[in-house]
Amino acid sequence: MSAATATLGTTSLWDKVRTYSPPPRFLPLIVTIALFAGMFGAGSVRYENFGDPQVFLSLMINNAHLIVLAVGMTFVILTGGIDLSVGSVVAMSTMILAKTLEKGWSLPVAIVTVLLIATLLGTVMGLLIHYFDIQPFIATLAGLFLARGVAYLISIESIPIANETFMKWAYEPITLWSTYWIRWSVVVALIAVAVAAYVLAFTRFGRTVYAIGGNESSAMLMGLRVGVVKVGVYAVSGFCAGLGGLLFALNTPSGNSLHAVGMELDAIAAAVIGGILLTGGRGYVVGALVGVLVLGVIQTFIIFDGTLTSWWTRIAIGVLLLVFVVIQRLMTRRQT
Amino acid sequence: MLASPLLWPVVALLLLVVINTLALAFDFAGRGETSFFLNVRIQDGHLYGNIIDIARNSAPVLLVALGMTLIIATRGIDLSVGAIAAIAGAVACTRLVGAADEGAVTAAIMACTWALAVCVLLGLWNGFLVAVLGIQPILATLVLMVAGRGLAMLVTDGQITTVHNDTFSDLATGFVLGLPVASLIAVGMVVVAAVLTRRTALGMLIEAVGINPEASRLAGVRARTIIWTVYVFGAFCAGLAGLIIAANTNSVNANSLGLWIELDAILAVVIGGTALTGGRFSLAGTLVGALFITTLARTIPNVGIPSEANYLFKAVVVVAVCLLQSPRARAALRVRRRPVPKGAHS
Amino acid sequence: MTTTHEERPVTTTTQNAGGVPAAQTPEPVIEMRDISITFGNVRALDGVSLRLLPGEVHALMGENGAGKSTLIKALTGVYTIDSGTIVVGGEEHQFSTPAAAQAAGISTVYQEVNLVPNLTVAENMLLGREPRFLGGINVRAMNRRAAATLERLGLDIDPRSMLGDHPIAIQQLVAIARAVDVEARVVILDEPTSSLDADEVEKLFEVMRRLRADGVAIVFVSHFLDQIYEIADRMTILRNGRLVEERMVADTTQLQLVQLMIGRELEALERLDRAATHQVTTTEPVLKAVGLSRKGSLEATDLCLYDGEVVGVAGLLGSGRTELARLLFGADTADNGTLEIRSARRRLRSPRHAIDRKVAFSSEDRKAEGVIADLTVADNMLLALQASRGWLRPIPQATRNRLVADYIEALDIRPADPNALMRNLSGGNQQKVLLARWLITEPELLILDEPTRGIDIGAKAQIQAKVAELAGKGMSVVFISAELEEVLRLSDRLVVMRDRRKIDERRNHDVTVSDVLEIIAGQGDAAGSRTEEETSRD
Amino acid sequence: SDDGSSGKDGEIVMGFAQVGAESGWRTANTDSIKASAEAAGIELKFSDAQQKQENQIQAIRSYIQQKVDVIAFSPVVETGWDAVLQEAKAANIPVILTDRAVDSEDTSLYETFLGSDFVLEGEKAGEWLVENAADSDVDGDGDINVVQLEGTTGAAPAIDRAEGFASAIEADSSISVSASQTGDFTRDGGKQVMESFLNADKSIDVVFAHNDDMGLGAIEAIEAAGLEPGKDIKIITVDAVKDGMTALSEGKINFIVECNPLLGDQLMELAKKVVAGEEVPERVVTEETTFTQEQATEVLADRKY
Ligand SMILES: Nc1ncnc2c1ncn2[C@@H]1O[C@H](COP(=O)(O)OP(=O)(O)OP(=O)(O)O)[C@@H](O)[C@H]1O
Ligand SMILES: Nc1ncnc2c1ncn2[C@@H]1O[C@H](COP(=O)(O)OP(=O)(O)OP(=O)(O)O)[C@@H](O)[C@H]1O
Ligand SMILES: [Mg+2]
Ligand SMILES: [Mg+2]
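Protein chains in written order, with my numbering: chain A, 38 to 373; chain B, -6 to 339; chain C, 3 to 540; chain D, -7 to 297.
Derived from the structure by calculation, the hints contain no laboratory data.
Cβ coordinates follow ideal geometry from the N, Cα and C atoms, glycine included.
Hints may contain errors.
[Stated by the list, open to error] Partner residues aside, some chain D positions facing chain B, computed with beta carbon under 8 angstroms:
hint	residue
1	Ser172
2	Lys183
3	Gln184
4	Leu208
5	Gly209
6	Glu270
7	Glu274
8	Thr281
[As the list claims (entries may be wrong)] What follows is a list of derived Cβ distance ranges for each label pair:
hint	chain 1	residue 1	chain 2	residue 2	range
9	A	Tyr168	D	Val122	54 to 60 angstroms
10	B	Leu126	C	Glu471	43 to 49 angstroms
11	B	Ala277	D	Glu242	40 to 46 angstroms
12	B	Val125	C	Glu94	55 to 61 angstroms
Could you put the whole structure together from the sequences, leaning on the hints where they help?
Next comes the structure, spelled out in structure tokens:
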């Protein structure tokens, strides 16, 4: 058949139409989105009020901070690294914010301070990883300890946030239509996703991120600025963790060293569920967003059910996760 | 040998011992007494002292890290080990409580056998997801990490189950020939693993699969079986760890038993010189790594660090150790002498 | 929109090419003096010098492991040198990273494809200097520019396709395209032709000539002497990490060159007259494939392989040779067709099945599918044997040592250290280790996909002799190589492939290179006359 | 749906967001609430936050969307509830706090808080020690050397119990806390920290553990060191769960301050009142007592948890 197409690499238009399927690299993402939709649909059928659009919107409101964390994590994972520090950095950020506001700093200064410190911590971890060859797992685990430690050092007691402007952001709903509303944190999170998607797809930094994940030594030999980008992704992740901390504080207006314990695992899980390969180089930031929503919808399922004991809750979450992951895997099987 | 990758972890470990010794000596001198960190005395017919405690307390982390080492060598990771440990403890304790004669030796043996059998099943499960279905290890084991603790609580009905069985409790607190049983078990497993991997071809095959899975497959290596096996082994080790932790307090709290032990274990593995990217692994390194982590935990109360500074102390120590270990960091301290093949890792 | 050398007047280019004066003064663009590099206790380079003049093609010659790649990496900042000086454009200069070298106008194709599989062809070509619009990458412009460069090289590749989806040869072409796209004053090509066929090589040479005319200095590494004589002006010869001599190509005969490279006379270079010697004696084939096919990579193909016979597979890039080999070995599973091994129907579901039936396969992509970089030479060699024995039966230490020592000697692997890490071996020596891996399993059918890629002339002769010897002892060999002469010299029977199918099969008595090319070229008509359907499509 | 605001046959629907199942105490608390809800004919929607505040907030939001009649929860931490409680208030759903307070300026956000007073618990422990100071100087050097096993760093019970204890022992200058380290509320943690205390200091007189579990761990460590818990070293703990009470009756613990998990009945009563629009007191303290060794022996037989 193909003998008829004389030159290599060209296929007839008919062939293209006949064999059209979405590019395999988009498949995991498409499958994830489809499964999410399926789950949401199943919930609507099973539980009263589940289909209410506000449930979906609440999913975004509840998880805005996690979306931002997952965005940062996406950068890191795409280079083949990992960042365990983000949960602690969230706690530290809420603590710094609460403390500085308590001390009477102005809100913008406090926010900038939080973002700067978080980015700085990320950068330092990146430097350790790139220039001293310390494995990302360890460097960021040290970051986890450090950030949590700083949070405790600021105060072991939680500090409420009373700043008026901040509380206004926290309380004021943005009405979308009729009675449906979101919060500012959702807007920020979606902007973060959009910016990240742009950066990853259309900037040299973003493409270098993928190149490093594909093959770091090749990327280096191609003359790409591997060092800058590798340090950069941890800085980005640090920044996102700081921003995530601010959003977390919008949701729970307080500083607390016990916040966000283990949240790094949620962020990693979200990214991976969204089709981002842990070995690096493959995946899209939108996947991270969908991954967060999947984790959220699993939680919502459980809460709507409302009859499970603590242990059945965990088992149910595990089972739903399993079902999701297995279906996702089977549907993307032919990829590898 | 100066080039040995084990050198720096060992140095770091010794450094911690020195810190402890100084802190204790200073502390006691302040009260006009003397004490030596490394002191070991005989008490009730067995050894007693700081380092004995450390050896004993490091057993669970060592066991978990041991299994983790092999899993990591195949480019995998197992997040579920903490949950598996909890399940092992839960199964053993509930079987004991339910046994006809709770204090009997056979009851303890039966309970432990049951627990370990369950762990092997769980290992098979993890291995199935990773090796057969091809799910990324972190996700595959995340499932059991989340659900496993639920299962453990299901087994114990959410209660802290307390048991009274001397044989069982000897797993953690007993002594044989003056040496703690827990350490003997852990070291025994390390030896078994070392023999299995280094006296047979298993180690080499594991490394090959971890370094280049596709090339290994084309060379006829049964990557699937190997990966499956290491997850089962990892779960078995985690189960043993769970039994020891449960025996240590003669009780099981399904919610907290082995909580975050996977992080400690991975840390131990990496400090021991096994890279998370898979491939070459060092069991001796893992041993040192596990000892290091336990000593670190012991150092904190010894040095009198307030609870809120624990984490800072840990962060500093971990970074310091890793810098010591990093050839690049050491090269930066020295004059540039050798070419550093930059692209050489990956 | 695209800036290529082609479009600019030659004179200005010469002046602009990195500030090298257009005058006749042979002021070197790059001068490396007394470079030494030591890895552990291996002295990879020992006082080597290299002078590179503008507008020349400079061949870097030497056996496998002579230090060619190391010298290149020393120049471009991948390795830091122990001693010596590097002068670039009249100033002493040492690059700290390949990026710095690239910024200074040195464009390099390293040995083994060093691109990233998960980006598109266009991105692989242009990343780092992509056209931008308002700070972001202008994807359309990038694809257009890549397409233009590819077209100039005569390549029909979709710039938007993923690099990893292409066979290794295409990837190599893309790497070359990346190097020549940039406005460089120095272009370094480390074995760029190792997996290209004659056509592609000719296209590459055209580009090189054009660059040379523009005053660009080119470093060229190849183990094909004919190519050196065709394109190179001067050459620097290395042996065991030392500088042997710098010479004009025109003043050196091939024989002299070979002697300079290997430091002794070469006897093994005589023609292997195998073709006529072999007679098929058995009637039972080792392996018989009927209608073997796989969607998207191989159309239904029949093939019979007999004991003691070398079957050469000829064909152009992408003609499906590799795919055929992979199906025979079970590396991929066939959609259709049957496979009989020793007259028994087999379904090969994994390489393991094939190995158990004494089939061996050495892949063309040694980096991705052969080398276990972090294991030792010995472990790499013994991997397949050990795998088939199972982990419980380790190869006894004595056997181990003997096997490894034997093959290191037989294939002249350097360094002759069984405990050297595979990643530290030169490309050619890695290939030899992989060959040893399969020979150790004593297969009955050995499938070699480009086994001589990147192998020096002496070693190549050794490997060819080895193949002939094995066939003589009754082994059945499938030999795939982009080098037609080599295929013809070795094989008893020749299978010609095109468009993912077998189009012809001949006893190799009197087939010549031009015959084969004719068969391939004539296929359009032949296929047309075969089925009506295809005729109507044409 | 119109009648979403109440259960099928007009029964009250309560959404309860539990902290998790992190201790035996907590499971007793959960059981009590579930049993009482059933007994009181209240439909309970239960969720477990796995010790994460964000999960609890998510649960509360979800209860608002499910239009339950009343929301009750045990806050994981004290701060940061204002935003979500505002939402509940806007939806006209009354909120009851149990076990732990929230520190919010605006007390109109919730109807009432039912739970123990952690500071008071610490004080009770300290007061007992001051009263029994003479007996407690085990090594007779005139100083009473206390080591403290803290709960999870930063957790309200840990902070408050430490604070209450410290303020109570100020009354006797011979009592001092020489070392204080977190045991994370677990037996294993308590045991390991106690081991290192014992190796570092030979003059420990008293252990104050923030919960029974850490105290039980400490007992194991003390026994392993060849000492007799309750005699060579005095032990004070908080909670009074069954294992703790058993140890108390066996003389291994000297004094336990009760922290009562059985809030169910009180909670359901309050819920009914709140839904009916009746006035309820702003603060309801659970009935809690303390146990000496003798008292423990008496009540042990009919302890439910
Ligand atoms: N990173 C390294 N560590 C240790 N030894 C190395 C390293 N890189 C190269 N070598 C050694 O240096 C020598 C020169 O290798 P190089 O790759 O330069 O050879 P080459 O001339 O390019 O050979 P080939 O034609 O096979 O590619 C070899 O002996 C090789 O084993
Ligand atoms: N020019 C090309 N453009 C796109 N795809 C190609 C091209 N050449 C080959 N391929 C792909 O490679 C597949 C078959 O190539 P295969 O690797 O079997 O060829 P080969 O003759 O072995 O070439 P090689 O010289 O790389 O070994 C085809 O299915 C085709 O998809
Ligand atoms: Mg080379
Ligand atoms: Mg005293």
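Are Ala277 (chain B) and Glu242 (chain D) spaced within 40 to 46 angstroms by their CB atoms? Holds, since Ala277 (chain B) and Glu242 (chain D) (Cβ atoms, about 45 angstroms apart) stay within the stated range.
Quick check on Glu270 (chain D) please, does its C-beta sit within 8 angstroms of some C-beta on chain B? 34 angstroms, violated
Cut-off 8 angstroms, beta-carbon criterion: hint that Gln184 (chain D) touches chain B: 6 angstroms, holds
For the hint on Lys183 (chain D), does the least C-beta distance to chain B fall short of 8 angstroms? 6 angstroms, holds
Is the interface hint for Ser172 (chain D) satisfied, with its Cβ closer than 8 angstroms to some Cβ of chain B? Hint holds; Ser172 (chain D) Cβ to chain B Cβ min 7 angstroms, cut 8 angstroms.
Cβ-Cβ distance between Val125 (chain B) and Glu94 (chain C): within 55 to 61 angstroms? 59 angstroms, holds
With respect to the beta-carbon atoms only, verify the hint that Leu126 (chain B) and Glu471 (chain C) lie 43 to 49 angstroms apart. 45 angstroms, holds
Status of the hint placing Gly209 (chain D) at chain B (closest C-beta pair under 8 angstroms): 6 angstroms, holds
Should the interface hint for Glu274 (chain D) be scored as holding, given a Cβ-Cβ cut-off of 8 angstroms against chain B? 32 angstroms, violated
Take the shortest C-beta to C-beta distance between Leu208 (chain D) and chain B; is it under 8 angstroms? Constraint on Leu208 (chain D) satisfied, holds at 7 angstroms.
Tyr168 (chain A) versus Val122 (chain D) beta-carbon gap, inside 54 to 60 angstroms or not: 57 angstroms, holds
Take the shortest C-beta to C-beta distance between Thr281 (chain D) and chain B; is it under 8 angstroms? 22 angstroms, violated
Checked against the numbered hints given earlier, the structure breaks hints 6, 7 and 8 and satisfies all the rest.
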